[in-house]
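Residue 97 in this note's numbering is what sits at position 97 of the sequence shown, and the numbering runs on without skipping anything.
To be clear, the hints were calculated from the coordinates, so they are not data collected in a lab.
Keep in mind it's a predicted model, so treat the numbers as computed, not measured.
By construction, the Cβ of each residue, glycine as well, lies at the ideal position given by its N, Cα and C atoms.
Any given hint might turn out to be false.
[To be verified] Under the rule of at most 20 Å between Cα atoms (straight-line distance), these lysine to aspartate or glutamate pairs were calculated in the DMTMM-like manner:
| # | residue 1 | residue 2 |
| --- | --- | --- |
| 1 | K428 | D376 |
| 2 | K165 | E42 |
| 3 | K284 | D420 |
| 4 | K190 | E206 |
| 5 | K98 | E137 |
| 6 | K165 | D143 |
| 7 | K428 | D319 |
| 8 | K98 | D178 |
| 9 | K284 | E206 |
| 10 | K91 | E130 |
| 11 | K196 | D420 |
| 12 | K98 | E121 |
| 13 | K401 | D326 |
| 14 | K217 | D420 |
| 15 | K328 | D363 |
| 16 | K294 | D108 |
| 17 | K165 | D178 |
| 18 | K91 | D72 |
| 19 | K196 | D426 |
| 20 | K91 | D178 |
| 21 | K43 | D72 |
| 22 | K328 | D356 |
| 23 | K156 | D178 |
| 24 | K165 | E47 |
| 25 | K323 | E434 |
| 26 | K98 | D84 |
| 27 | K190 | D84 |
| 28 | K294 | E434 |
[As the list claims (entries may be wrong)] Across the chosen pairs, the derived CB separations fall in these ranges:
| # | residue 1 | residue 2 | range |
| --- | --- | --- | --- |
| 29 | T393 | T372 | 23 to 29 Å |
| 30 | L34 | S94 | 51 to 57 Å |
| 31 | E47 | V162 | 32 to 38 Å |
| 32 | F355 | G317 | 27 to 33 Å |
| 33 | R295 | E47 | 54 to 60 Å |
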Amino acid sequence: MNRSLLYLLFLTTVFFSCENSDDTVFEESADVRLNAALASYEKQLVEAPYGWNAVIYPGGGGSYGFYFKFDDKNRVTMYSDFADASAAKSKESSYRLKAMQTPSLIFDTYSYLHVLADPDESVNNGTRGEGLKSDFEFSIFPDSVKTDVITLVGRKNQSRLVLTKATQAQATAYTNGDLAKGLLFNNIAKYQPYFKRITLGANTYELVVNQATRTIKMTWLNGSSPRTFTTSYYFNQLGVVFVSPLVNGSQTITGFGNITWNANTTQLGLTGGGANGTVVSAIKPLSTDLAASKRWWQTPIESGGDWRSSTGFHVNGVDDAFKVADLKSDESIFAFYVYQPGVSSRNDLFAPIFFDGENIFLDYGHAPAPPTFTSDGRAVFTSAGTYGTIPATGAAAESAKLLYDPAGFYLIQTSETTYDMVSAKDAKSWITWE
1 MNRSLLYLLF
11 LTTVFFSCEN
21 SDDTVFEESA
31 DVRLNAALAS
41 YEKQLVEAPY
51 GWNAVIYPGG
61 GGSYGFYFKF
71 DDKNRVTMYS
81 DFADASAAKS
91 KESSYRLKAM
101 QTPSLIFDTY
111 SYLHVLADPD
121 ESVNNGTRGE
131 GLKSDFEFSI
141 FPDSVKTDVI
151 TLVGRKNQSR
161 LVLTKATQAQ
171 ATAYTNGDLA
181 KGLLFNNIAK
191 YQPYFKRITL
201 GANTYELVVN
211 QATRTIKMTW
221 LNGSSPRTFT
231 TSYYFNQLGV
241 VFVSPLVNGS
251 QTITGFGNIT
261 WNANTTQLGL
271 TGGGANGTVV
281 SAIKPLSTDL
291 AASKRWWQTP
301 IESGGDWRSS
311 TGFHVNGVDD
321 AFKVADLKSD
331 ESIFAFYVYQ
341 PGVSSRNDLF
351 APIFFDGENI
361 FLDYGHAPAP
371 PTFTSDGRAV
381 FTSAGTYGTI
391 PATGAAAESA
401 KLLYDPAGFY
411 LIQTSETTYD
421 MVSAKDAKSW
431 ITWE
């Protein structure tokens, strides 16, 4: 009994000693240490004499370039590569550092950074209610804070924001509007043919630029064998920056600079990989994926799905050229255009789908026969009938007329889940399937 009491007394003494020891590990309280860390982070942000280059990688994908200049009055001035206006004109808003679950940097009034996170899809072409799944509140982790580089993580969508201390020359370039000059690259969308090429030194590359997802796909020939490279990109004061560099033998391309645009001749000039070049048009792929058209057709059959487009055909430089978005079925609105292979053994479905406020439904549509796949990689469509009563004129009729063009289409796989179907007649018409 006495031994038990002595044992309990020993344990109590040990626990009491441990508690006392824990209290004296730090000379200051947790709150004092946290406030000191916040003050240190703010000092680092403010005392960067020429501000910070920044890149944000939203949770929804893509990458976007920014420039920030913080002051000691909780104000931040910024530029953004999201649009021509935000690249050319600075915007001031407020920020603060706050102790939350972790030390956090919060941009607390609407700014260019908030545009990416705006839940109104019309603001950023993102997802309704989510935008581009970006952030404007960021956690700071001590291991990610270096002298010249700070990496932060979004509190909601885990976006990554990387701040790199700017030089005087970089800061001057932003205020001089050089970021906006880089956005001249977006004029590549004004080339009417889908296929675009540039020769840099001894190498010719085909460019497929997706401005919505901020990705560039480049294809070239290694002898007779095609090689492809895809990377995300953003803009800085020098032009286009590749998130990953393209390495092709002795040529390394980290992006495009010295960007020029001639609206009269529709010519985009740039430098890359140590060489100058001009983007030119083409009416067929540099290298055709001969299996792509059949792969596109078979994928929904194997998965039980379909292909959808929110905008229909792009024709001669005009998005939604036939105005499918304006289609209605009584009071029901247009939802998307669908291509569903294998609806029956004799036909597929190509039709507008409508939304009545609760459900999506088919009112009418075309029934193409299963396409013919040519030896040069095209899919050629012919009619096997119709569903319902199709208007004789308008968007649905014009869409089917283009689909049934005897030249057919090349299928260009742009990601694991998306294809562009490009007219083989002149490459000036295409539709994006998702």
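Verification of the hints:
A hinted pair counts as satisfied when its Cα atoms are at most 20 Å apart, and K428 with D376 qualifies at roughly 19 Å. The straight-line distance between the Cα atoms of K165 and E42 is roughly 14 Å, inside the 20 Å bound, and the hint therefore holds. Proximity of K284 to D420 is assessed by CA-CA distance (about 13 Å); at most 20 Å being required, the pair is judged to hold. About 16 Å separates the Cα atoms of K190 and E206, which keeps this hinted pair within 20 Å; it holds.
Between K98 and E137 the alpha-carbon distance is near 10 Å, which keeps this suggested pair within the 20 Å criterion. A C-alpha spacing of about 17 Å is found between K165 and D143, which places the hinted pair at or below 20 Å, so the restraint holds. Restraint check for K428 and D319: satisfied, since their Cα atoms lie roughly 11 Å apart, inside the 20 Å limit. A hinted pair counts as satisfied when its Cα atoms are at most 20 Å apart, and K98 with D178 does not qualify at roughly 33 Å.
Straight-line distance between C-alpha atoms of K284 and E206 comes to about 10 Å, which keeps the hinted pair within the 20 Å bound. Simply put, K91 and E130 have alpha-carbon atoms about 23 Å apart, too far for the 20 Å limit, and the pair is violated. Proposed proximity of K196 and D420 is supported: the alpha carbons are some 14 Å apart, at most 20 Å. Restraint check for K98 and E121: the C-alpha separation of about 29 Å exceeds 20 Å, so the hint is violated.
For the proposed pair K401 and D326, the alpha carbon gap of about 18 Å is at most 20 Å, so the pair holds. For the hint linking K217 to D420, the alpha-carbon distance of about 13 Å falls within 20 Å, and the restraint holds. Restraint check for K328 and D363: the C-alpha separation of about 10 Å stays at or below 20 Å, so the hint holds. A distance of roughly 50 Å separates the Cα atoms of K294 and D108; the hinted pair therefore is violated under the 20 Å criterion.
Of the pairs offered as hints, the one joining K165 and D178 holds, with about 18 Å between alpha carbons and a cut-off of 20 Å not exceeded. Restraint check for K91 and D72: the C-alpha separation of about 17 Å stays at or below 20 Å, so the hint holds. Only pairs whose Cα atoms come within 20 Å are accepted, and K196 paired with D426 is accepted, the gap being roughly 13 Å. Restraint check for K91 and D178: satisfied, since their Cα atoms lie roughly 16 Å apart, inside the 20 Å limit.
For the hint linking K43 to D72, the alpha-carbon distance of about 8 Å falls within 20 Å, and the restraint holds. With a C-alpha separation of about 10 Å, the suggested pair K328 and D356 falls inside the 20 Å cut-off, and the hint holds. The straight-line distance between the Cα atoms of K156 and D178 is roughly 32 Å, outside the 20 Å bound, and the hint therefore fails. The straight-line distance between the Cα atoms of K165 and E47 is roughly 10 Å, inside the 20 Å bound, and the hint therefore holds.
In summary, the hint linking K323 to E434 is supported, as the alpha carbons are separated by about 19 Å, within the 20 Å threshold. Restraint check: the Cα-Cα separation between K98 and D84 comes to about 32 Å, which exceeds 20 Å; the hinted pair is violated. Between K190 and D84, the direct Cα distance comes to roughly 16 Å. Compliance with the 20 Å bound is thereby established for this hinted pair. A C-alpha spacing of about 16 Å is found between K294 and E434, which places the hinted pair at or below 20 Å, so the restraint holds.
In this structure, T393 and T372 meet the distance hint of 23 to 29 Å, their C-beta atoms being roughly 28 Å apart. Distance hint for L34 and S94: a CB-CB separation of about 21 Å, inconsistent with the stated range 51 to 57 Å. At about 19 Å, the beta-carbon gap between E47 and V162 misses the expected band of 32 to 38 Å. Evaluation of the 27 to 33 Å hint for F355 and G317 yields a pass: the beta carbon distance comes to about 29 Å.
Distance hint check: the CB atoms of R295 and E47 are about 55 Å apart, consistent with the given range 54 to 60 Å.
Hints 8, 10, 12, 16, 23, 26, 30 and 31, counting from the list given before, are not met by this structure.
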